[in-house]
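As given, the protein sequences belong to chains A and B, one line each in that order. Counting from 1, one number per residue, gives the positions in the first sequence under the numbering used here. Counting from 420, one number per residue, gives the positions in the second sequence under the numbering used here.
To be clear, the hints were calculated from the coordinates, so they are not data collected in a lab. There may be inaccurate statements among the hints.
As the list claims (entries may be wrong) - Output of the computed footprint for chain A on chain B, the stretches with three or more beta carbons under 8 Å from beta carbons of chain A:
#1 455-463
#2 562-570
#3 616-623
#4 758-770
#5 787-798
For each residue, glycine too, the CB sits at the ideal point set by N, CA and C.
Number of protein chains: 2
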Amino acid sequence: MAGAFTIQARDPSSLARAGVLHTPHGDIRTPAFVPLATKATVKGLLPEEVSALGYDMVLGNTFHLHLRPGEELIERMGGLHRFMGWSGPIITDSGGFQVFSMGHGTVADEIKGRAPHGSKGGASSGSEGRSSIGSEARSGAILAIEEGGVSFRSYVDGRVRTLSPERSMAIQAALGSDIALVFDECTPFHVERSYTEASTERTHRWLTRCLEWHFEHGPAGQLVYGIVQGGVYEDLRRASARVVAGSRCDGIAIGGSLGDSKAQMYEVVEWAMRELGGAHESRPRHLLGIGEVDDLIRGVELGVDTFDCAMPTRLGRHGCALVPDPANRWRVDLVKGRWREAPEPLQEDCPCPACSRGFSRAYLSYLARAGELTGARLLTLHNLTFIARLMAELREAILDDRLPEVAAAWRDPEKPLPP
Amino acid sequence: MAGAFTIQARDPSSLARAGVLHTPHGDIRTPAFVPLATKATVKGLLPEEVSALGYDMVLGNTFHLHLRPGEELIERMGGLHRFMGWSGPIITDSGGFQVFSMGHGTVADEIKGRAPHGSKGGASSGSEGRSSIGSEARSGAILAIEEGGVSFRSYVDGRVRTLSPERSMAIQAALGSDIALVFDECTPFHVERSYTEASTERTHRWLTRCLEWHFEHGPAGQLVYGIVQGGVYEDLRRASARVVAGSRCDGIAIGGSLGDSKAQMYEVVEWAMRELGGAHESRPRHLLGIGEVDDLIRGVELGVDTFDCAMPTRLGRHGCALVPDPANRWRVDLVKGRWREAPEPLQEDCPCPACSRGFSRAYLSYLARAGELTGARLLTLHNLTFIARLMAELREAILDDRLPEVAAAWRDPEKPLPP
Chain A
1 MAGAFTIQAR DPSSLARAGV LHTPHGDIRT PAFVPLATKA TVKGLLPEEV
51 SALGYDMVLG NTFHLHLRPG EELIERMGGL HRFMGWSGPI ITDSGGFQVF
101 SMGHGTVADE IKGRAPHGSK GGASSGSEGR SSIGSEARSG AILAIEEGGV
151 SFRSYVDGRV RTLSPERSMA IQAALGSDIA LVFDECTPFH VERSYTEAST
201 ERTHRWLTRC LEWHFEHGPA GQLVYGIVQG GVYEDLRRAS ARVVAGSRCD
251 GIAIGGSLGD SKAQMYEVVE WAMRELGGAH ESRPRHLLGI GEVDDLIRGV
301 ELGVDTFDCA MPTRLGRHGC ALVPDPANRW RVDLVKGRWR EAPEPLQEDC
351 PCPACSRGFS RAYLSYLARA GELTGARLLT LHNLTFIARL MAELREAILD
401 DRLPEVAAAW RDPEKPLPP
Chain B
420 MAGAFTIQAR DPSSLARAGV LHTPHGDIRT PAFVPLATKA TVKGLLPEEV
470 SALGYDMVLG NTFHLHLRPG EELIERMGGL HRFMGWSGPI ITDSGGFQVF
520 SMGHGTVADE IKGRAPHGSK GGASSGSEGR SSIGSEARSG AILAIEEGGV
570 SFRSYVDGRV RTLSPERSMA IQAALGSDIA LVFDECTPFH VERSYTEAST
620 ERTHRWLTRC LEWHFEHGPA GQLVYGIVQG GVYEDLRRAS ARVVAGSRCD
670 GIAIGGSLGD SKAQMYEVVE WAMRELGGAH ESRPRHLLGI GEVDDLIRGV
720 ELGVDTFDCA MPTRLGRHGC ALVPDPANRW RVDLVKGRWR EAPEPLQEDC
770 PCPACSRGFS RAYLSYLARA GELTGARLLT LHNLTFIARL MAELREAILD
820 DRLPEVAAAW RDPEKPLPP
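Go ahead and model the full structure; you've got the sequences and the hints to work with.
Structure below.
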């Protein structure tokens, strides 16, 4: 579908652009972060709350929704939008990441560049997004990876299930998402170059099959994004970007292993972006599973239009809040003892329910330690507010031709923004 | 404190009355249900949401808040109201029920009339209120019950703690609650009459000590409720009611074992209420840990002014919703298969977020089965809405002199209310 994306402004100092992405259920102002509604809800929030935070789109997951409650049920209930009460755009991930995470064990850690089977933990529970794989998916078992597709055992009922390019597209059609992602093999970090190469080529063949299925059977108006793989190898990444760009997909996602450091991740993303035509490619681009503050800023500078990540919501459920503190990765861990008696709010000028109602860090710390739902909810609302403000400011900055100053101010809040 | 309670109307056909209870943090319109904020939050809800549902007061718990985060911390943070962001009245339970639940093992089941160690379960997790004891408290261990007080091991950190009449009142003073309950021994159902008698007498001695401590050290304006014990023995109940009524307490709570059937529970409550002067006693009365729909209606008819119970909130977290269906105890268990494909909302005319936004039973059932926080929250909001509407209608009915018709309509929604 041509014309799904309108670029409104470009930043002359980088590859960044601001635009509007048009979908059957409305527009997404970009650059934008997309909160996860993996299992048909942003955990703990009502749709109207997500919308009020400034988010235009949420991300549902084909793998999880296929296993429970099943796309047939959701279709009978009028589709995913109606089922979950979200009237705005929905992007669905294809299930590739989740399926291959079962096969590769700790693929999520590997994608993040951590040593296989040696992850140091951090906020890890839940089963959201590409930024890590939850224990639920890990407790399933992959049975076979073949050219036709992948079979595995369901973590819900133990039954054998199959996902394939056609099956994934059919599920996403039944869900009725506005944007479907093609079914890809998500190559982990620790495998050989030869595996990455063969895997990337299979992903390209699957891209073709996904698009063929979509053009024959897909719902009218649904956009399909191809996925660039290729691991950390420049030639493979660039080749993959060319293949995806040469396909009839409506948008382009960057997936797979992005390296073992932020520097490498930015390099890998930039290879793909340069290959995709820099700031001038007219199709929207999505960076899968990336959502730390510095990564979002750099991603925008590299020309990414949308991002999704479990981080802000998952951190919240584990007692961590986002704050303007780059030295601590913009995070404060409220479970730690030093906040037990802190009367101050999370962030002085924050409009979220936790901060604007004057809840103290001491109270939020207590709720997190006591495992109270209200704590998970308040921190989720705060973290999503933090990320929404970041993205809105980056977008405004591009439109106002002042991205470098705004990005610098977010990277170092100690330095005040020039007037 | 005289004049804390204003009776506005009495129902001529029963002991029911409607009134306004005055506290330092505002008025409570009665009869009223009091949602549990056991651990300084109504689980999953913000204070403004609880208030918007029509609730004037919440109940905090001395035992749990003493163990974590500790009343000293809460006091330093400006008291419980400020700590949890609730500006309305708060009643605090004394901790007696929780402490003795540890000692008596399954006292909660026994109080409900179920056989010791033979409870059939139902929604049981959590640690709210007097209506059952949570696994957390059970995992602690009572070390000694003496005239001076009770020592036990904390479920939070394993340290030995002591509660006594004076200590409980001091904690409730530090919390700054509007209404404090005296520290009582909560006698279980299966013990001998002689134990119940001795225990009730100790509760009376502790009542005196609580009031003495309060009059010397208690915060200005804090109301203190005595607790009527006496098990299921008419003479002991009536004697206990006389002792409590003869004390300088501001209000009267009914606690302890109320029998092994609803009929017996109503009988036990009526003994106490008759002894307390029927509809004409000028002090407010609270029924501890009771909150099923028929029990609330009957309790109002017996002259109870306020109730607290974990039921509506806990049921919600376990996938059960309250609906106008007396044949099924006003409950629908959404986890059951028959609701998996049900497109209808929980209740047609309900203004709660779950019903008014059109979420289907199928969606709520799915969320409950998937263990999603949003499901717990939606059902909590629905159930509290259901109970708030019940209590508001009973109150209006008393004021309008039509309680019998309104009560009959709630008891049997098939029979339409006469005009």
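Enumerated hints in conflict with the structure, sorted upward: 2 and 3
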